[in-house]
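Protein sequence lines, in the order shown, are assigned to chains A and B.
Heads up, the first sequence is in our numbering, so the first residue is 1 and it goes up one at a time.
Heads up, the second sequence is in our numbering, so the first residue is 1 and it goes up one at a time.
One or more hints might be untrue.
What the hints assert, rightly or not - Rough simulated footprint, nothing fancy, chain B against chain A, three-plus residues with beta-carbon under 8 Å:
hint, segment
1, 13-23
2, 241-255
Unchecked claim - Think about it this way: if two alpha-carbon atoms lie no more than 25 Å apart in a straight line, the pair counts; the simulated DSS-like pairs of lysine-lysine are:
hint, chain 1, residue 1, chain 2, residue 2
3, A, Lys164, A, Lys103
4, A, Lys164, A, Lys106
5, A, Lys10, B, Lys257
6, A, Lys222, A, Lys140
7, A, Lys104, A, Lys10
8, A, Lys264, B, Lys257
Hint data in this document are derived by calculation from the structure and do not stem from the laboratory.
Think of the CB as a built atom: it goes at the ideal place given N, C-alpha and C, for glycine as much as any other residue.
Here is what each chain is made of, one letter per residue.
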Amino acid sequence: MARAVTPRRKLITTIAAWAVALIIFFPVLWMILTSFKTEASAVANPPEFLSADWTLENYAEVWARSDYPRFFWNSVVISVGSTLLGLLVAVPSAWAMAFVPGKKTKDLLMWMLSTKMMPAVAVMIPLYLLFQRLGLIDTKIGLVFALMLMNLPIIIWMLYTYFKEIPGEILEASRMDGASLWGEIVHVLTPMALPGIASTMLLNIILAWNEAFWTIVLTTTKAAPLSAFIASFSAPQGLFYAKLSAASAMAIMPILILGWFSQKQLVRGLTFGAVK
Amino acid sequence: MSTQSSRFAARLMVAPSVGLLLIWMIVPLAMTLYYSFRLYRLLSPDRTGWVGFNNYLWFLNSPDFWLALFNTLALVGGVLIITVVLGMLIALLIDQPVKGQGVLRILVIAPFFVMPPVAASIWENLFMHPQNGLFAALARGIGAEPILFLENYPMLSVIGIVSWEWLPFATLILLTALQSLSSEQLEAAEMDGASALSRFRYIILPHATRAITVVILIQTIFLLGIFGEIFTTTQGGPGSASTTLPYMIFKQAIAAKDIGRAAAGGIIAVILANIVAYFLMRSIGKHLDA
Numbered sequence: 001m002a003r004a005v006t007p008r009r010k011l012i013t014t015i016a017a018w019a020v021a022l023i024i025f026f027p028v029l030w031m032i033l034t035s036f037k038t039e040a041s042a043v044a045n046p047p048e049f050l051s052a053d054w055t056l057e058n059y060a061e062v063w064a065r066s067d068y069p070r071f072f073w074n075s076v077v078i079s080v081g082s083t084l085l086g087l088l089v090a091v092p093s094a095w096a097m098a099f100v101p102g103k104k105t106k107d108l109l110m111w112m113l114s115t116k117m118m119p120a121v122a123v124m125i126p127l128y129l130l131f132q133r134l135g136l137i138d139t140k141i142g143l144v145f146a147l148m149l150m151n152l153p154i155i156i157w158m159l160y161t162y163f164k165e166i167p168g169e170i171l172e173a174s175r176m177d178g179a180s181l182w183g184e185i186v187h188v189l190t191p192m193a194l195p196g197i198a199s200t201m202l203l204n205i206i207l208a209w210n211e212a213f214w215t216i217v218l219t220t221t222k223a224a225p226l227s228a229f230i231a232s233f234s235a236p237q238g239l240f241y242a243k244l245s246a247a248s249a250m251a252i253m254p255i256l257i258l259g260w261f262s263q264k265q266l267v268r269g270l271t272f273g274a275v276k
Numbered sequence: 001m002s003t004q005s006s007r008f009a010a011r012l013m014v015a016p017s018v019g020l021l022l023i024w025m026i027v028p029l030a031m032t033l034y035y036s037f038r039l040y041r042l043l044s045p046d047r048t049g050w051v052g053f054n055n056y057l058w059f060l061n062s063p064d065f066w067l068a069l070f071n072t073l074a075l076v077g078g079v080l081i082i083t084v085v086l087g088m089l090i091a092l093l094i095d096q097p098v099k100g101q102g103v104l105r106i107l108v109i110a111p112f113f114v115m116p117p118v119a120a121s122i123w124e125n126l127f128m129h130p131q132n133g134l135f136a137a138l139a140r141g142i143g144a145e146p147i148l149f150l151e152n153y154p155m156l157s158v159i160g161i162v163s164w165e166w167l168p169f170a171t172l173i174l175l176t177a178l179q180s181l182s183s184e185q186l187e188a189a190e191m192d193g194a195s196a197l198s199r200f201r202y203i204i205l206p207h208a209t210r211a212i213t214v215v216i217l218i219q220t221i222f223l224l225g226i227f228g229e230i231f232t233t234t235q236g237g238p239g240s241a242s243t244t245l246p247y248m249i250f251k252q253a254i255a256a257k258d259i260g261r262a263a264a265g266g267i268i269a270v271i272l273a274n275i276v277a278y279f280l281m282r283s284i285g286k287h288l289d290a
């Protein structure tokens, strides 16, 4: 709702908006700055902003002391894998609910969403035992399945809201032309739904990347992703700030960059169809 | 357009996800229910047996339980209020014609990409730490005693950290809603002499109702299970001051190694989540034409 305003008012709102945005961003910025300081400089009193001793030492040391590439690769496999698998299951379901809705469709969606309200801690022990029985502890495939199921309701709901915006007449026309159900999905629906599928995928990669309960409970070493890497790095309180910050930055940087590049699609998807 | 056969096909396509979610929900839930009536302590594995409702009674009679219940609701309610109110204010501000709106959005969305253990450790160490934290330095700068955030105000500190994590989500959804509002309507109201407050009350707020509903719904789902932030910062302490229901269950399972009691707590948490879900759906579900 852009409206004509006086230059003075624009200046004031610009300054205010930037101040608020910088306050929200500041903790991340401060962490990144700290990661480039020497340990002594990181805890200097008063705090050092520009006068600090800058160094790359922390990154080198974190890299040397831990197997970062393995954690990183595990994070990629788990978050992308669980998202793709989730889409495979969710696309047909969301399609059916959007285009062949029954009386119970809305209840079904709400039920799916309500399965996410069950606190993970509440079912931690049984799920751990199940995973142990199935030999899935500390395996990537186990985490792929766990995170897929955890995020499935969100994936279905997002896709559903996108699919519902696709006009049904187009599908009817293609059906008249003799397209099969499968053909309809592959040739008509998918191209139209691709932006929606893309932003669903993005959001779920981010959710899976940042998941920090099951990834820690269900892994030990081999399959541990970056969330477990950072949990193992939590240094003794008040010590090694610079190295802790460097490790933190390494854990969040890949997803931060991905998120920044795709924030337009992401925000569009986040609204779950609430904003047309 | 739905014929008999397409209905059947639709059922078939919904079946896998319903089936998977049913298994994912019911199997662990049934196991938890079973354990909740059993004596099952990892420290004395030989003693087992049925104990009726004893595990539940222990939970309900524990003074920590009511505190944990209160803390859980305070966390959910507190974060919802802070993020929706602040998010709306920030969205209104950014929605004004300002320079560099694209960069502003990038700065504001950043906390959403920070994983909970990292977010908690940034706040705990770099900001709230009583010696080396930035807040302590600020306090010393103005000649005041550093505030012991996690020691004296553990629950408020956790609410603050979680609010920071969820503020971008609320802000950006509300901002998207505001941007879809037609400017003619607002200008007309302004010409007719409607004050800023009544323009907000009668035009902006009704327009944003669905967006607010989505914010509340999605955040509640995630907030009911908040665990990592408490685990990283206060460990539920001092004492039990910042113990929520999920954290109390975790303590029973991991520290006390009493699986039976933890399972009973799990069932109580699931019941609580269902009560919250029920009221949530009843009060705001009508705004969603999902």
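Inset, instruction - Starting from A/Lys264, check that the Cα of B/Lys257 is at most 25 Å away, please. - result: violated (46 Å)
Legend entry - 8 Å C-beta criterion, at least three residues: is the segment 13-23 of chain A covered by chain B: holds (count 8)
Inset, instruction - Decide if the proposed pair is consistent with the structure: A/Lys222 and A/Lys140, CA atoms, cutoff 25 Å inclusive. - result: holds (8 Å)
Legend entry - Agreement of A/Lys164 and A/Lys103 with the hint, judged by alpha carbon distance not exceeding 25 Å: Distance of about 16 Å is within 25 Å: holds.
Inset, instruction - Take the C-alpha atoms of A/Lys164 and A/Lys106, compute the straight-line distance between them, and say whether it is at most 25 Å. - result: holds (13 Å)
Legend entry - Pair hint A/Lys104 and A/Lys10, alpha-carbon separation not exceeding 25 Å: Between A/Lys104 and A/Lys10 the Cα gap is close to 50 Å, so the pair fails against 25 Å, i.e. violated.
Legend entry - Three-residue Cβ test at 8 Å for the coverage of the segment 241-255 of chain A by chain B: Coverage by chain B holds here, the residue count being 7 at a Cβ distance below 8 Å.
Legend entry - Satisfaction of hint between B/Lys257 and A/Lys10, Cα-Cα up to 25 Å: Violated, because 60 Å separates the two Cα atoms, which is more than 25 Å.
Of the numbered hints listed earlier, those contradicted by the structure are 5, 7, 8.
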